[in-house]
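Trainee: Here's the letter readout for the chains.
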Amino acid sequence: MEEDTVKLISAEGFEFVIDKKAAMVSQTIRNMFTSPGNFSETRLGEVTFPEISTPILEKICQYFYWHLQFASGKESEFHIEPEITLELMMAANYLHT
Amino acid sequence: MNTPKKRNFKIEAFKHRVEVDPKYAEKTWKVLEHAIHEIYNHNASGLSFEELYRNAYNMVLHKFGDKLYSGLIATMTLHLKEISKSIEAAQGGLFLEELNRKWGEHNKALQMIRDILMYMDRTYVSNNNKTPVHELGLSLWREHIIHSENIRSRLLNMLLEQIYRERTGEVIDRGLMRNITKMLSDLGPSVYQEDFEKPFLEVSASFYSGESQQFIECCSCGEYLKKAERWLNEEMERVTHYLDPKSEPKITSVVEREMIANHMQRLVHMENSGLVDMLVNDRYEDLGRMYSLFRRVPDGLSTIRDVMTSHLREKGKQLVTDPERLRDPVDFVQHLLDEKDKYDKIIGSSFNNDKTFLNALTSSFEYFINLNGRAPEFISLYVDDKFRRGLRGVSEEDVEAVLDKVMTLFRYLQEKDVFEKYYKQHLAKRLLYGKTVSDDAERSLIVKLKTECGYQFTSKLEGMFTDLKTSQDTMQGFSAGQGPEAAGEGPAIVVQVLTTGSWPMQPSAACNLPAELLPVCERFRAYYLGTHTGRRLSWQTNMGTADLRVAFARNQRHELNVSTHQMCILMLFNSADRLGYREIEQATEIPAADLRRCLQSLACVKGKNVLRKEPMSKDVGDDDAFFVNDAFASKYYKVKIGTVAAQKDSEPEKQETRQRVEEDRKPQIEAAIVRIMKSRRVLDHNNVVAEVTRQLQSRFLPNPVVIKKRIESLIEREFLERDKADRKLYRYLA
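Protein chains in written order, with my numbering: chain A, 1 to 97; chain B, 1 to 734.
Honestly, I wouldn't trust all of these hints.
Below 30 Å or equal to it, Euclidean Cα-Cα: the simulated DSS-like pairs (lysine-lysine) are [said to hold, decoys possible]:
(1) B/Lys435 - B/Lys317
(2) B/Lys448 - B/Lys317
(3) B/Lys355 - B/Lys345
(4) B/Lys27 - B/Lys182
(5) A/Lys7 - B/Lys30
(6) B/Lys250 - B/Lys435
(7) B/Lys618 - A/Lys21
(8) B/Lys227 - B/Lys130
(9) B/Lys85 - B/Lys108
(10) B/Lys130 - B/Lys30
(11) B/Lys678 - B/Lys654
(12) B/Lys250 - B/Lys182
(13) B/Lys606 - A/Lys7
(14) B/Lys63 - B/Lys85
(15) A/Lys20 - B/Lys250
(16) B/Lys63 - B/Lys130
(17) B/Lys469 - A/Lys7
(18) A/Lys59 - B/Lys63
Quick caveat, the hints were computed from the structure, so don't treat them as lab data.
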């Protein structure tokens with residue numbers, strides 16, 4: 001695996017390989033990769049989320065990239081389908097995003 | 001319009017319908033507890049951050065925050081107790097290293113724990129007002145390690161011992177010291193202050209107190225100050241290397257107090273090396289060091305200043321009252337200037353040009369210069385000497401520098417009017433005898449005096465210059481009118497027409513001019529009065545000079561440069577070989593004192609004795625007889641016959657000048673009183689005196705008794721009256 005990408009694995013086992021920079025939007029993921037004691041995540045460069053389903057994780061990954069764009073000044077809307085809102089919010093709370 | 005019915009919407013909290021396994025909390029905590037143990041044992045690499053985080057997250061979410069938090073405290077405490085034991089067990093010098101190592105480990109573990117428990121920090125801790133994990137870790141460390149009985153005092157002693165060893169010249173591990181003090185600061189400012197800084201300052205104080213006692217006994221002041229400076233720098237360096245920056249002012253103030261403030265008087269007055277010795281021997285470096293060190297302590301500079309002032313006053317007093325010095329005014333003033341230069345240099349190079357020191361210098365000079373009533377005269381004589389001789393061939397800048405120095409001395413004078421009086425006399429002589437080296441320099445000094453004291457002070461001096469200029473023009477007009485035939489024969493004269501009042505002339509009886517001169521004098525009088533109407537000319541024969549061509553026996557020819565009076569006397573010998581004193585007096589009508597002096601300079605000065613006197617004695621008596629000295633010889637063609645001129649005022653002349661000054665002051669004081677009363681109308685005695693003193697102090701310091709006399713005189717002349725009710729009150733009568 002390349003240095004600047006990380007692998008996020010959903011409850012169903014889907015793997016999302018995204019830029020580390022994007023993943024760091026989540027405070028929780030950031031801590032996973034920067035905490036001093038050599039945790040397994042830091043070593044392998046991948047995180048498994050047994051409580052986050054694939055569609056939600058996908059949406060989250062989209063959000064990471066959208067957030068980076070937004071932060072660099074490109075304003076656009078981030079569309080969220082109503083039916084996943086609740087689950088998405090819980091995941092956001094978990095990931096401190 | 002219809003207002004829609006208000007409806008209360010209620011949003012209910014989302015309820016987890018997850019049935020919780022009753023043993024869930026216990027199980028989850030076990031996982032986390034295990035993880036914490038592993039972290040402390042450096043075994044974290046096998047752990048999954050996500051899993052731990054998720055467990056902590058769920059525990060908090062399912063309201064087991066309390067359990068998680070208290071569990072954390074218990075686990076951490078357990079580990080800290082173990083750490084404490086291992087630190088206690090460390091031997092001697094390893095103690096600090098072990099402490100430092102454990103502290104590093106604890107910090108790392110703490111950060112990991114904080115990361116996995118981040119969700120608890122974010123929600124549970126802030127909602128329940130608990131201490132966040134990181135701070136909790138620090139306070140537990142403080143409680144179980146730093147404040148544990150066996151460690152606390154040992155730590156302090158170790159630190160102080162290290163510093164002591166460094167102070168006595170050993171090399172210590174500064175990095176380690178830095179880490180430990182950093183740890184103490186990280187645990188909170190109060191820990192650093194209470195557990196380290198305070199005892200550190202106390203120990204330092206006693207250390208430096210001892211050192212200073214020891215050194216002050218055996219070192220000179222200069223060496224001691226050098227030591228103090230080095231110590232001070234060492235302490236500052238120590239702070240930058242391994243102490244908290246906030247400690248710097250505290251430790252430096254300890255050093256300052258112990259090394260300097262406590263020994264200030266002793267240092268300053270140290271025999272053979274104290275401040276006075278430094279001043280006398282121009283030890284700029286030591287003085288500079290003393291200044292920069294003493295500046296740090298309260299009253300330090302004023303101590304230096306006081307000692308310097310009293311030394312300066314003492315020395316100055318000796319200088320101005322030493323009768324030896326009074327013999328040579330030029331030397332006297334030169335000494336004053338040298339002294340001034342010396343201290344200017346000291347203050348400039350060692351005392352940072354400190355304003356208060358410069359003021360002290362000024363006030364000291366003012367004090368002792370005015371101790372000697374003849375200082376104004378001497379300063380004027382000094383200037384006279386400079387203008388006659390001293391400034392010849394000196395560049396313009398140097399002339400300015402000399403004049404500026406003179407001006408500084410002048411500023412110190414209280415009796416500026418006395419100076420003016422003498423200066424006028426000396427200037428008049430210089431101008432009339434053409435003795436001044438540089439007109440520009442003369443004018444430059446007058447400009448300086450003018451800026452210092454105002455137009456009034458110099459108007460007469462300037463008048464003197466104007467007179468000379470006009471005289472030149474007049475003489476040109478006169479000799480042009482004479483025609484060439486008149487110029488060829490008989491004596492030529494150069495007349496300087498002086499305005500009465502501008503010049504310091506004593507009205508003296510004109511002597512009888514030799515018959516040869518009378519026609520040309522008459523011609524000039526006629527010419528002058530012809531061009532200017534309404535003026536009166538009188539001859540000041542006591543001021544001029546004359547060049548005489550003399551043929552002695554043995555065919556010796558000389559040109560003599562003599563004063564007008566001397567010329568009158570010598571001309572008499574054209575028609576006589578022998579003249580008695582009385583005959584000369586009768587023929588010339590020169591005032592007795594002047595005549596004696598002239599004769600003395602003509603007959604009694606070796607090498608210039610163009611007259612011979614019988615009997616041969618130093619003094620001129622009433623019955624002496626004079627002859628032309630046929631044996632006169634000189635290797636020069638031109639011979640200048642000096643007058644036995646009083647360079648310095650003789651005692652009676654001094655009295656006279658003094659009296660004239662007093663006389664001149666009277667109208668000035670009266671004028672000041674009238675000016676004041678005219679604007680104030682009514683004023684009491686003390687205020688009048690104060691005001692008059694203030695108005696006149698740029699010229700002289702009026703004596704209150706004199707002021708009182710002037711007031712009385714003004715009352716007599718009905719300028720003022722006393723108030724009828726209050727006798728202390730004066731009223732102006734217009």
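Trainee: Could you run down the list of hints and mark each one as holding or not?
Mentor: Against the structure, the hints come out as follows:
Pair hint lysine 435 of chain B plus lysine 317 of chain B does not hold up; C-alpha atoms about 34 Å apart against a cutoff of 30 Å. Between lysine 448 of chain B and lysine 317 of chain B, the direct Cα distance comes to roughly 28 Å. Compliance with the 30 Å bound is thereby established for this hinted pair. With a C-alpha separation of about 14 Å, the suggested pairing of lysine 355 of chain B with lysine 345 of chain B holds against the 30 Å cut-off. At roughly 39 Å between alpha-carbon atoms, lysine 27 of chain B and lysine 182 of chain B are farther apart than 30 Å, so this suggested pair is violated.
As the CA atoms of lysine 7 of chain A and lysine 30 of chain B are separated by approximately 29 Å, the hinted pair is consistent with the 30 Å bound. Distance check on the hinted pair: lysine 250 of chain B and lysine 435 of chain B sit about 67 Å apart at the alpha-carbon level, beyond 30 Å; violated. Our distance criterion of 30 Å between C-alpha atoms is broken by lysine 618 of chain B and lysine 21 of chain A, whose separation comes to about 116 Å. Between lysine 227 of chain B and lysine 130 of chain B the alpha-carbon distance is near 53 Å, which puts this suggested pair outside the 30 Å criterion.
Among the hinted pairs, lysine 85 of chain B with lysine 108 of chain B is consistent with the structure: their alpha-carbon atoms are about 19 Å apart, no more than 30 Å. The suggested pairing of lysine 130 of chain B with lysine 30 of chain B holds, with an alpha-carbon distance near 22 Å, which does not exceed 30 Å. At roughly 36 Å between alpha-carbon atoms, lysine 678 of chain B and lysine 654 of chain B are farther apart than 30 Å, so this suggested pair is violated. Distance check on the hinted pair: lysine 250 of chain B and lysine 182 of chain B sit about 18 Å apart at the alpha-carbon level, within 30 Å; holds.
Restraint check: the Cα-Cα separation between lysine 606 of chain B and lysine 7 of chain A comes to about 122 Å, which exceeds 30 Å; the hinted pair is violated. At roughly 36 Å between alpha-carbon atoms, lysine 63 of chain B and lysine 85 of chain B are farther apart than 30 Å, so this suggested pair is violated. For the suggested pair lysine 20 of chain A and lysine 250 of chain B, the alpha carbons sit about 49 Å apart, so the restraint of at most 30 Å is broken. Our distance criterion of 30 Å between C-alpha atoms is met by lysine 63 of chain B and lysine 130 of chain B, whose separation comes to about 15 Å.
As the CA atoms of lysine 469 of chain B and lysine 7 of chain A are separated by approximately 107 Å, the hinted pair breaks the 30 Å bound. Of the pairs offered as hints, the one joining lysine 59 of chain A and lysine 63 of chain B holds, with about 29 Å between alpha carbons and a cut-off of 30 Å not exceeded.
The structure is inconsistent with the numbered hints 1, 4, 6, 7, 8, 11, 13, 14, 15, 17, although it conforms to all the rest.
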